[in-house]
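Asker: Produce the complete structure using the sequences and hints provided.
Residue numbers (our numbering), protein chains in the order written: chain A, 160 to 350; chain B, 160 to 350; chain C, 160 to 350; chain D, 160 to 350.
In this list, chains with the same sequence are indistinguishable; a pair is considered to hold if it fits within one copy or across any two.
Below, simulated DSS-like cross-link-like pairs (lysine-lysine); rule was C-alpha separation at most 30 Å, straight line: (1) K185 with K324; (2) K304 with K324; (3) K304 with K162.
Everything labelled a hint here was simulated from the structure, so no lab data went into it.
Protein chains: 4
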Amino acid sequence: MGKGRLEAFSDGVIAIIITIMVLELKAPQGIGFDSLLPVIPVLLSYVLSFIYVGIYWNNHHHMLHAVQTVNGSALWANLHLLFWLSLIPFVTAWMDENHFAGAPIALYGGVLLMASVAYYILARVLIRNSGADSPLAAAFGRDWKGLISTLLYALGIAASFWNSKLALAIYVAVAIMWFVPDRRIETSLRD
Amino acid sequence: MGKGRLEAFSDGVIAIIITIMVLELKAPQGIGFDSLLPVIPVLLSYVLSFIYVGIYWNNHHHMLHAVQTVNGSALWANLHLLFWLSLIPFVTAWMDENHFAGAPIALYGGVLLMASVAYYILARVLIRNSGADSPLAAAFGRDWKGLISTLLYALGIAASFWNSKLALAIYVAVAIMWFVPDRRIETSLRD
Amino acid sequence: MGKGRLEAFSDGVIAIIITIMVLELKAPQGIGFDSLLPVIPVLLSYVLSFIYVGIYWNNHHHMLHAVQTVNGSALWANLHLLFWLSLIPFVTAWMDENHFAGAPIALYGGVLLMASVAYYILARVLIRNSGADSPLAAAFGRDWKGLISTLLYALGIAASFWNSKLALAIYVAVAIMWFVPDRRIETSLRD
Amino acid sequence: MGKGRLEAFSDGVIAIIITIMVLELKAPQGIGFDSLLPVIPVLLSYVLSFIYVGIYWNNHHHMLHAVQTVNGSALWANLHLLFWLSLIPFVTAWMDENHFAGAPIALYGGVLLMASVAYYILARVLIRNSGADSPLAAAFGRDWKGLISTLLYALGIAASFWNSKLALAIYVAVAIMWFVPDRRIETSLRD
Numbered sequence: 160m161g162k163g164r165l166e167a168f169s170d171g172v173i174a175i176i177i178t179i180m181v182l183e184l185k186a187p188q189g190i191g192f193d194s195l196l197p198v199i200p201v202l203l204s205y206v207l208s209f210i211y212v213g214i215y216w217n218n219h220h221h222m223l224h225a226v227q228t229v230n231g232s233a234l235w236a237n238l239h240l241l242f243w244l245s246l247i248p249f250v251t252a253w254m255d256e257n258h259f260a261g262a263p264i265a266l267y268g269g270v271l272l273m274a275s276v277a278y279y280i281l282a283r284v285l286i287r288n289s290g291a292d293s294p295l296a297a298a299f300g301r302d303w304k305g306l307i308s309t310l311l312y313a314l315g316i317a318a319s320f321w322n323s324k325l326a327l328a329i330y331v332a333v334a335i336m337w338f339v340p341d342r343r344i345e346t347s348l349r350d
Numbered sequence: 160m161g162k163g164r165l166e167a168f169s170d171g172v173i174a175i176i177i178t179i180m181v182l183e184l185k186a187p188q189g190i191g192f193d194s195l196l197p198v199i200p201v202l203l204s205y206v207l208s209f210i211y212v213g214i215y216w217n218n219h220h221h222m223l224h225a226v227q228t229v230n231g232s233a234l235w236a237n238l239h240l241l242f243w244l245s246l247i248p249f250v251t252a253w254m255d256e257n258h259f260a261g262a263p264i265a266l267y268g269g270v271l272l273m274a275s276v277a278y279y280i281l282a283r284v285l286i287r288n289s290g291a292d293s294p295l296a297a298a299f300g301r302d303w304k305g306l307i308s309t310l311l312y313a314l315g316i317a318a319s320f321w322n323s324k325l326a327l328a329i330y331v332a333v334a335i336m337w338f339v340p341d342r343r344i345e346t347s348l349r350d
Numbered sequence: 160m161g162k163g164r165l166e167a168f169s170d171g172v173i174a175i176i177i178t179i180m181v182l183e184l185k186a187p188q189g190i191g192f193d194s195l196l197p198v199i200p201v202l203l204s205y206v207l208s209f210i211y212v213g214i215y216w217n218n219h220h221h222m223l224h225a226v227q228t229v230n231g232s233a234l235w236a237n238l239h240l241l242f243w244l245s246l247i248p249f250v251t252a253w254m255d256e257n258h259f260a261g262a263p264i265a266l267y268g269g270v271l272l273m274a275s276v277a278y279y280i281l282a283r284v285l286i287r288n289s290g291a292d293s294p295l296a297a298a299f300g301r302d303w304k305g306l307i308s309t310l311l312y313a314l315g316i317a318a319s320f321w322n323s324k325l326a327l328a329i330y331v332a333v334a335i336m337w338f339v340p341d342r343r344i345e346t347s348l349r350d
Numbered sequence: 160m161g162k163g164r165l166e167a168f169s170d171g172v173i174a175i176i177i178t179i180m181v182l183e184l185k186a187p188q189g190i191g192f193d194s195l196l197p198v199i200p201v202l203l204s205y206v207l208s209f210i211y212v213g214i215y216w217n218n219h220h221h222m223l224h225a226v227q228t229v230n231g232s233a234l235w236a237n238l239h240l241l242f243w244l245s246l247i248p249f250v251t252a253w254m255d256e257n258h259f260a261g262a263p264i265a266l267y268g269g270v271l272l273m274a275s276v277a278y279y280i281l282a283r284v285l286i287r288n289s290g291a292d293s294p295l296a297a298a299f300g301r302d303w304k305g306l307i308s309t310l311l312y313a314l315g316i317a318a319s320f321w322n323s324k325l326a327l328a329i330y331v332a333v334a335i336m337w338f339v340p341d342r343r344i345e346t347s348l349r350d
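Answerer: Rendered as structure tokens:
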């Protein structure tokens, strides 16, 4: 079964997720620049979540580029990933409306952690379908980068109970780490 | 006439339906984990509806995969299916805001029932267009699974007047039954 | 220049227009079936607008099917059509919230009228680009059906100042007239 | 790496941006035409932003038409452009709710300025990837039109502190200047 519609549907869902977050940016009542001040934390949360969803779109793009066909399991593994990504606008809204309090930041990390697990499952399903000697399997390898991210999200969740700013700093650090698209696959395919 | 735009348009509409339901998940006012408690039934309803829309997308994907061309009737039969699917966010919202009361659960089942009828009509229109000896006709067969689902939705609606939890359990059971994508077509095409 | 992205972008915008109208269907506060009563006019308006947007998508599909390439003017003529279609959710909301009063029904007809004019302009731009002896030009012909629709919308607007129910009946009649997709092009291409 | 999914994802995001702005058009409470009066500035802002987003979609269409492949940097440069475009609904809402006051008009110009810078960066990344002797590089040239636009946005921002109507007039003038799609590339490719 071709991968075209899986890509098209994922593009649609991710495009909506990345864009509906902007609805949380409510136009301030005031007329002056100072009335923008309460919008700034909302905007910063939006930037962080925009980058995270952008990272997932980029990596999803790279991963499916290395795949020829998808089966029924891959459709569901992909929907599972989209489910966790679809919760990002919700946890972003809870986080920014509560000025980065501990519990919302822990939940934000929880959704990121589950999305990273869902991405790992999708990769495994695609690799099983493509074969252990496929370009995707070689490129994905042992996925140290993904494993480290998952551990850092867990660390961020733990930190959020103690110092929510530290937890947020960890999430920002992971985002920076992934900002560069998944060159493993790009490099591997070129060889 | 090619099926490309029918698929693309359906992907767009289904992607929006599956994603706007998350707008119903409103960020709680409170700052602690306990303020998430009232969100839990909303989240569970979202999961159920997400899976139902995902099932329809998967089956739609499989069915159109087995089709080469579409005619004007298929365009309308497809829009008819999308219409009933587009009501899922509305009935989900009514259901979760009223703590799974009887009438909302009956209406939820009613929309699922109509969507299953619309799916059946679309299948018939596509089969008539493809011919009785087409792979799609062979794969679709007598559609016992679809017929049983429609009967179970009707049973769930009846049950909702007596015990709304039982009705909900029936809908969950049907979702589990369909969770596996429509292997009839996948298997038939492979032979 | 290929028509692929014009179709994809139009599919995206039309999919969003047809789906965001469902956000107007607000879950009722009550728990019983009687609390659905005030939703019924909103639902009926949604059905009418859904069918209208569906008609435009079907006809757009047929028209672009008969075209090979698009130029810069066609991109803007297409955006012009999408602009008027994008106002349909707004006029639908005004109409259903005011129980089909005269002014909202007149405005609803005004947007339909402008959309029909925009569709005509798009057809002319595409025909000029394809040539007067193209299949599209032959299929489109003198476009009596489009001209009659535009006149009926104008009649509906005039009627809305006198009897809003009559105006609404005219819009419903035009929708029924177009319900069958544009067979002119389908037939012409088959010959 | 192919450009297909980059185009599809951009189409999705731009389609959503251009359409969710219409949600700002709230149906008036009143029943008569006079209750539409407060909607008019909102509608005019919508028209301006619709045209701006349409201009970006058209130019994006033309630019990517001249490109064969994209790399990881182009994916991020493209997301950067989409980020600034996604803020247009927010700044449009602030502008129209405050009757075109100075600060909202300055911010509107600021987002347009940043989008024009992001478009320039995307063009540079694509040209570096395609080579200095590529059709895109020849067509894009020194980009006087883009440079003048960026300067005019800056002028508009400065003017907004003195006379907000003048600033708005400058933005309208730039929109008119770009209304014609980027013929440089279209012409260059034809030769």
